[in-house]
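Chemist: Okay, here's what each chain looks like letter by letter:
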Amino acid sequence: MLERTLWVSALSALPSNELIEITSKLSEGWTLRPKSVPQAGLGMLQIKDSAFHQAFYLGEFPLASAWLEVTTLDGRRAEGAAQVMDDCIEIAEALALCDAILSAQLPGWEKVSMMIEKGLTLRNTINKERKMMLARTRVDFSLLDDTGNGEGLNNVES
Amino acid sequence: MGYVAIKGGAQAIEGTKDVFEFLRTSQNDSHALPLDVGTIENQLRLLHSRVISEGGVYHPTLASLAIKQSQGDTLEAAFALRAYRSTQPRLVETPVLDSKNMRVTRRISSAFKDIPGGQMLGATTDYHLRLLRMELLNESPENFRKVTEILFENSSIDDIPDTFPKVLDALRAEGLLPEVNETTDNKKPFDITREPLVFPVDRSAALATMTRAEQGSLLAIAYSNMRGYGDVHPTIAELRVGYLPVLLPHPITGELTEVGEVEVTECEVVAMYEGDNDNEATFTLGYGACFGNNEVKAISMAILDRALQKGMNEEPANPSEDPEFVLLHIDGIDSMGFCTHYKMPHYVTFQSDMDRLRTTQKKQSKKESQL
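Protein sequences appear in the order of chains A and B. Under my numbering, the first residue of the first sequence carries the number 6, and numbering increases by one thereafter. Under my numbering, the first residue of the second sequence carries the number 430, and numbering increases by one thereafter.
Chain A extracted, bound-state conformation (with noise of 0.2 Å):
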C-alpha cells in the first residue's frame, strides 16, 4: 500500500466532489467528532534559496485541515487527519477520514484504498505528461563533441 504520506495526494486529485460522496456513504452512521477546529485559511511557504542556502518566504497557498475521531457503528475508535492545499473544509473532513480509515483498516478501508490506486494513476499521468515535454525537448549536445569545447561541467578546471 501506498506509503501514508503520499495519501493525501493522491486522493486530492479525484474529483471532490467523487471523494466526499464517497466517504459520506462510507461513514454513515458513525460517529464523528473534531478532535481539533476544521479549519481552512492560508499556509506561507518557506524556501531555501540555493545560492546561500538562506530561508525566505516565497508567498502564501490556501489550507484546510481536519482531525477527527470516528467510531463506526460496531464501537471501533479511531483517529484520522488531513491538510490540503485546498480552501473546502469538506475535503480536509473527508480526507481525515479516509485518513482514519486506511491506518485503522475500518469497514471500507478497500474501497479508500482503490481511490488511493485511481488517484495515483491520476497523479502519475501528470507525471508522465511532464516527462513527456522533457524527453520532447531533451537538447542533443552530441553534435558538438567534435568541437573541443569545454563546456560540460566536468570541465570546469580547463
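Treat the hints as calculated values from the structure; they're not laboratory data. Built from N, CA and C at the ideal position, the CB exists for glycine as well. Mixed in with the good hints there might be a few duds.
Stated by the list, open to error - Below, a list of computed lysine to aspartate or glutamate pairs in the EDC-like style, where the Cα atoms sit at most 20 Å apart: (1) K575(B) to E134(A); (2) K30(A) to D79(A); (3) K53(A) to D588(B); (4) K53(A) to E522(B); (5) K772(B) to E505(B); (6) K497(B) to D527(B); (7) K133(A) to D587(B); (8) K53(A) to E608(B); (9) K123(A) to E687(B); (10) K542(B) to D145(A); (11) K133(A) to E23(A); (12) K40(A) to E684(B); (13) K133(A) to E122(A); (14) K133(A) to E582(B); (15) K133(A) to D591(B); (16) K53(A) to D527(B); (17) K123(A) to E134(A); (18) K133(A) to E687(B); (19) K53(A) to D465(B); (20) K772(B) to E522(B); (21) K53(A) to E687(B); (22) K133(A) to E578(B); (23) K53(A) to D598(B); (24) K133(A) to D588(B); (25) K497(B) to D465(B).
Said to hold, decoys possible - Residues of chain B clear of chain A, computed beta-carbon distances all greater than 12 Å: (26) F451; (27) L462; (28) L473; (29) S499; (30) T553; (31) L560; (32) F573; (33) S633; (34) H679; (35) M701; (36) H758; (37) K772; (38) F779; (39) R785.
Chain B: place on chain A using the hints.
Modeler: For chain B alone, kept in the frame of chain A given last:
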C-alpha cells in the same frame, strides 16, 4: 494634501459597475460564452502565472477569477488576490522546502552545455519566430483538442528522473562558489506580510519582496543594471520551472506529508568573482524564485539579489544596488495605488494651487505695471 467629502457620485459609481460588466459581456457574437476559470488558467497560463506571483498567494482558481473580474488587468487582479489573502487566517508555515525536490518541466543553463541531468527546454517561446500565427484566428475545437492527443506519441521517458541535481551544487563542490553560511541557515525569515520594511533589511526580506513584485518594475530596475548602471554581468547557472511538493507534518504522525504542489520558476546567476589576499576568490551569486512560470521575473530577481548584496555590504553605487530604492518601488499594488489615487478628487488642493497661482500672477502684474 487635502481632500473634501463629496456627495452626488453614488449613483454614477454604481453605474460604473454596470458599464464595466456591460463591456465584459457585450461581445458581438451570439455564440460568445463567458470565460471559465479553467480556460484562463490553461490558455492564458503565463498571464495567470504573473497574477498568482504578484498576488502572493498560490490559488489557481481564484487567480483565474481575479483575471476574469478585472478583465485582464494584472495589477487589479493581483490586488484582488491580495485582498482575499488579507481576509484569511494564517494556519501554518511549511518547514523550509528545498527546490531540489522540484518536479521539473524545464531546465536550462547558459553556463555549461553539459549539466548533470541534461538541458531540457520545456515549453518556451525562446526559439520561436515572433510572427503571428494566423491559423489561430479561426481555430476549430477539433484541431484544438488534437494537439494534446498526438503531441507525445513515441516519446520515451524511461531515462527521465523524478528530480534533477542543482548546477550550483556541482560548482560548489568544485570550490568555485562561496561556502554556505550554516549559521544563517536556521534564521527565521522576515515576513513582509506582517512587518513593514524598515531599512536596513535582511536579505530574506528583500527576496520575499521581490518574489511578489510587479514583473515590469523588477525588470526595469534589473535592466538598468544590465545596461551599465551596475556591474553584475550575470551568467545563468540554472533556470528551472517545475512543481515543488508542499510538505507539512501530518497532524497525528508528525511525518512530512505532501499536501499539494506549487509551480515555481527559479533562477541562479553566477556573477563576477570576488576575492583578495585574505579571502579565496569565488564567483558571486544571485538568486530568484517566484510562483508560476515567470522567467523574466526570476532572472531579474536574481540579478537584483546580487546587486542588492553589493549595496548591503558596501555603499550602493547605483539605484539597482540601493535596497531602499529597489524594494520600495517594485510592488505593483503599492505603486498602482499611488498612481491611480491621482484620479481621485483633489479639488481642495487644486483650488489652493489656483489661488496661489492667481496671487503670484497678480503680484507679477503689479510689479510689471510699476516698472
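Chemist: So, against the hints stated earlier in the document, which numbers end up violated here?
Modeler: The structure conflicts with hints 3, 6, 11, 19, 20, 30, 33 and 34, although it agrees with all the remaining ones.
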